[in-house]
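J.: Each chain, letter by letter, is given below.
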Amino acid sequence: MSSDITRREALKRAAWILGGTVSAPTILGVLAGCRAERTGTFTPRTLTPDQRFTIEAMSDIIIPETDTPGARAAGVDQFVDRMLTDYYPATERDRFLSGLARVDARAQRQHSLPFAKLSREQQTAIVLDLDKAAFTEPPAKADRSAAGAPKPEVRKSDVAAGQGAGADPKEAAAPDPDDIGRESFFRRMKELTVVGYYTSEVGQTRELRITPWGRYRDIPYTPGTPAWA
Amino acid sequence: MLIQQREEYDAIVVGSGISGGWAAKELTEKGLRTLVLERGRPVEHKTGYVTEHKPDYDFALRQRRITPDSPLAKDYQVQARTGQFVEAVAHFFVKDTKHPYIEEKPFTWIQGDQVGGRSLIWGRQVYRWSDLDFEANMRDGHGVDWPIRYKDIAPWYSYVERHIGVSGEKLGLPYLPDGEFQKPMDLNAGEKFVKTGIEGKYPGRHVTIGRVAILTEPVGDRQPCHFCGPCARGCSTGSYFSSQASTLPAAQKTGKLTLRPHSLTRDIIYDEKLNRATGVRFVDTQTGETHEAFAKVIFVCASTLGTTRILLNSKSARFPNGLGNSSGVVGQYLMDHHFVVGARGSVPGLLDHYYEGNRPNGFYIPRFRNLAASNSDKLKFVRGYGYQGGAGRSNWGRGAGEPGIGVELKRKLHDPGPWGASMTAFGECLPRKENRAWLDAAQKDEWGIPILRIDCSWGPNELAMREDMQMQAKQMLEAAGCSDVSGYDGNKPGGLGAEPGYGIHEMGTARMGRDPKTSALNANNQLHDAPNVFVTDGACMTSSSCQNPSITYMALTARAADFAVRELQRRNL
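Residue numbers (the working numbering), protein chains in the order written: chain R, 861 to 1089; chain L, 400 to 972.
Derived by calculation from the structure, the hints in this document are not laboratory data. Just to be clear, a hint being listed does not mean it is correct.
Claimed, not checked - Covered by chain R, according to a simulated footprint, are these stretches of chain L (three or more residues, beta-carbon under 8 Å):
(1) 450 to 456
(2) 579 to 591
(3) 620 to 627
What the hints assert, rightly or not - From chain R, some residues computed to sit far from chain L (all C-beta separations above 12 Å):
(4) Thr903
(5) Pro904
(6) Ala931
(7) Gly959
(8) Ser972
(9) Leu973
(10) Ala976
(11) Leu978
(12) Gln982
(13) Glu1067
(14) Pro1086
To be verified - Think about it this way: if two alpha-carbon atoms lie no more than 20 Å apart in a straight line, the pair counts; the simulated EDC-like pairs of lysine to aspartate or glutamate are:
(15) L:Lys832 to L:Glu502
(16) R:Lys992 to L:Glu807
(17) L:Lys494 to R:Asp946
(18) L:Lys714 to L:Asp666
(19) L:Lys811 to R:Asp946
(20) L:Lys494 to L:Asp474
(21) L:Lys591 to R:Asp1078
(22) L:Lys811 to R:Asp927
(23) R:Lys992 to L:Glu801
(24) L:Lys473 to R:Asp946
(25) L:Lys591 to L:Glu807
(26) L:Lys473 to R:Glu952
(27) L:Lys453 to R:Glu1061
(28) L:Lys600 to L:Glu877
(29) L:Lys594 to R:Asp1078
(30) L:Lys916 to L:Glu833
(31) L:Lys843 to L:Asp474
(32) L:Lys582 to L:Asp530
(33) L:Lys582 to R:Asp1078
(34) L:Lys811 to R:Glu952
Backbone N, C-alpha and C define an ideal beta-carbon position, used for all residues, glycine too.
Only chain R is shown next, with the shape it has when bound in the complex:
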């Protein structure tokens, strides 16, 4: 209940009493264990349960669990819901949600299942595709038809029907123009995942570390040592 306050108080007191001889992040690291994970039950304010599960699954493909927890355990889905609800203008939110719908439509087309229900391998294949397209230069507008992209209207009806229009592999492989390049849905999704993960408590204190305070100085660096959060 008051673990946040207790932790901060403890941190403050320790920092003052010890006069900085024990670094604050060390204390943070120790105290982090006292705090309940924020994942598990939460009620999304913008995302539907299905959208939430899609985001949770996608984020965990982008930043998976290794010897430290991944995006799912860090609650990236909650961060995304908060950003969509409170931070982004409505147009941006809607653009994001329609991108998300395309991911599920694609899963339906390819495997007749929503993204969240696919196997890890199937999910990874789709995310790899999206990543590739997102870091491809978008064709000039006039060339879009030449790129072989299906018309967006077809996609919209797919989404509305909530199921795939068949498993034509050629169609499935051709990305929607809105999934190509800097402005693509996946760039935003990746950004939200990276930010959401590396600014989470897990990301900052377990995957990375918070720099000690007290002084600023050059230090030697050995590869494999975590970066500062």
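Given chain R's structure and the hints, the job is docking chain L onto it.
T.: Same frame as chain R, but now just chain L:
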């Protein structure tokens, strides 16, 4: 409704920011019972810093920058233009809906709305000006001559530096005078690489650690910086200069200070019979009631444009165009430093180097153009610019902009990335009559006070200077051995990006001068029209230099307060 109760003091100070805090300290320490009027809410030292030391993960949006298109910026359409408007410090910026103004052309007015004003959120870079600056107008004919020279202000710089605490490196440069410095902060390995490269290739150019009003040694009960990083959230160890940490406690200690928050100054009262300014009229923004307070001397330190608005709104039969405005210059000659132009590049190697701690400072490259006089280099522009920059290893943020997912991505972001260096220029802006602010004839704020209309844009000199600012930045990084060097310039004529005001160094609208016909203030910051009214904030500046101006406001304030008290003792005021 006017409260009929005569409040009398020896001095009134309008504003509690960088200049107002200094006026309060000096006047009270010299024995004057002083009323400080602050339009914003109280913020207590230490307990008022509600986001200090809070980790990113305890912020709902993890410390994102709030941009104007976000619903969170609904009431902050101007404030959200600056990158400093982030989740953790948004509460130290004004609500634009509450304090509106009109932009003829894009002009970003960043405002504080609390005790301490912008001293809580300022950039803390402090550089003395020199006679290269104080003589610039005289030499090239832009603006009017400063009525003071470096020798007039030098002792006051020292006085101020000793109190606020300034860390930095002495360079012995006549055009960037050394001060009373505490030991400098350290440059990191990447910055040392850039420094060695630039200084080797460009004799006479210098790369030094920023001179900052941040302690590296204790001053009184203020502690040296503990390198937590985000100063603008407030500092409970008082390690950087703010009114709360430095000047207001000194004023408080005298027992002579009355600090009144939620008190918005409407105008200065001019008594036609006595032929002098006698006090100020202000609104208690919590009750809506108008009050009057009276004093022998008045220091107007409401920030450049806030002060301008008060002077212009102080109309009387004797001064129908506003107090101090017989010359007509009040509101004119608005300046700001132009920036968001420079270069960035990759620093090769150094992968066995890293750094520890969050240093709220970077490197500084002092002006190197037109050093003999304002146009001595025969360039396409007069005057000059300096750079602020830094180097560091890229962090996890790079993951969002590069292809790759999964374990590979996570492994990559686990380690710090390669080194990069960047620098942005701060350029001097010429005083031009057409850059001005005035009271709108119709629109008023919620207390019935006319609001400002601002018309300001960069002129040919600033634009020509920007080309050089970008080119030199690129050339220096390349010469230093950086790769992938790219220049940038955020300026979009008629749009946002590097528009006037964005530098948050606005100044010049009630300038000092030698001639009452062409200036508002004399050499002691007294209004020519009303010698017991002093203006010592950015409004008083006759030219803009290219160095950050705040310490000059502080020094001028302390100097003017000393003068005012001596004049009071001589019964001249």
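J.: Does each hint hold? Answer for all of them.
T.: Quick rundown of the hints versus the structure:
no.: 1; hint: 450 to 456; result: holds (count 5)
no.: 2; hint: 579 to 591; result: holds (count 4)
no.: 3; hint: 620 to 627; result: holds (count 3)
no.: 4; hint: Thr903; result: holds, 15 Å
no.: 5; hint: Pro904; result: holds, 15 Å
no.: 6; hint: Ala931; result: violated, 9 Å
no.: 7; hint: Gly959; result: holds, 16 Å
no.: 8; hint: Ser972; result: holds, 24 Å
no.: 9; hint: Leu973; result: holds, 21 Å
no.: 10; hint: Ala976; result: holds, 17 Å
no.: 11; hint: Leu978; result: holds, 15 Å
no.: 12; hint: Gln982; result: holds, 14 Å
no.: 13; hint: Glu1067; result: violated, 7 Å
no.: 14; hint: Pro1086; result: violated, 6 Å
no.: 15; hint: L:Lys832 to L:Glu502; result: holds, 17 Å
no.: 16; hint: R:Lys992 to L:Glu807; result: holds, 15 Å
no.: 17; hint: L:Lys494 to R:Asp946; result: holds, 18 Å
no.: 18; hint: L:Lys714 to L:Asp666; result: holds, 8 Å
no.: 19; hint: L:Lys811 to R:Asp946; result: violated, 31 Å
no.: 20; hint: L:Lys494 to L:Asp474; result: holds, 6 Å
no.: 21; hint: L:Lys591 to R:Asp1078; result: holds, 11 Å
no.: 22; hint: L:Lys811 to R:Asp927; result: holds, 14 Å
no.: 23; hint: R:Lys992 to L:Glu801; result: holds, 10 Å
no.: 24; hint: L:Lys473 to R:Asp946; result: holds, 12 Å
no.: 25; hint: L:Lys591 to L:Glu807; result: violated, 32 Å
no.: 26; hint: L:Lys473 to R:Glu952; result: holds, 16 Å
no.: 27; hint: L:Lys453 to R:Glu1061; result: holds, 12 Å
no.: 28; hint: L:Lys600 to L:Glu877; result: holds, 10 Å
no.: 29; hint: L:Lys594 to R:Asp1078; result: holds, 15 Å
no.: 30; hint: L:Lys916 to L:Glu833; result: holds, 17 Å
no.: 31; hint: L:Lys843 to L:Asp474; result: holds, 17 Å
no.: 32; hint: L:Lys582 to L:Asp530; result: violated, 26 Å
no.: 33; hint: L:Lys582 to R:Asp1078; result: holds, 17 Å
no.: 34; hint: L:Lys811 to R:Glu952; result: violated, 29 Å
Checked against the numbered hints above, the structure violates hints 6, 13, 14, 19, 25, 32, 34; every other hint is satisfied.
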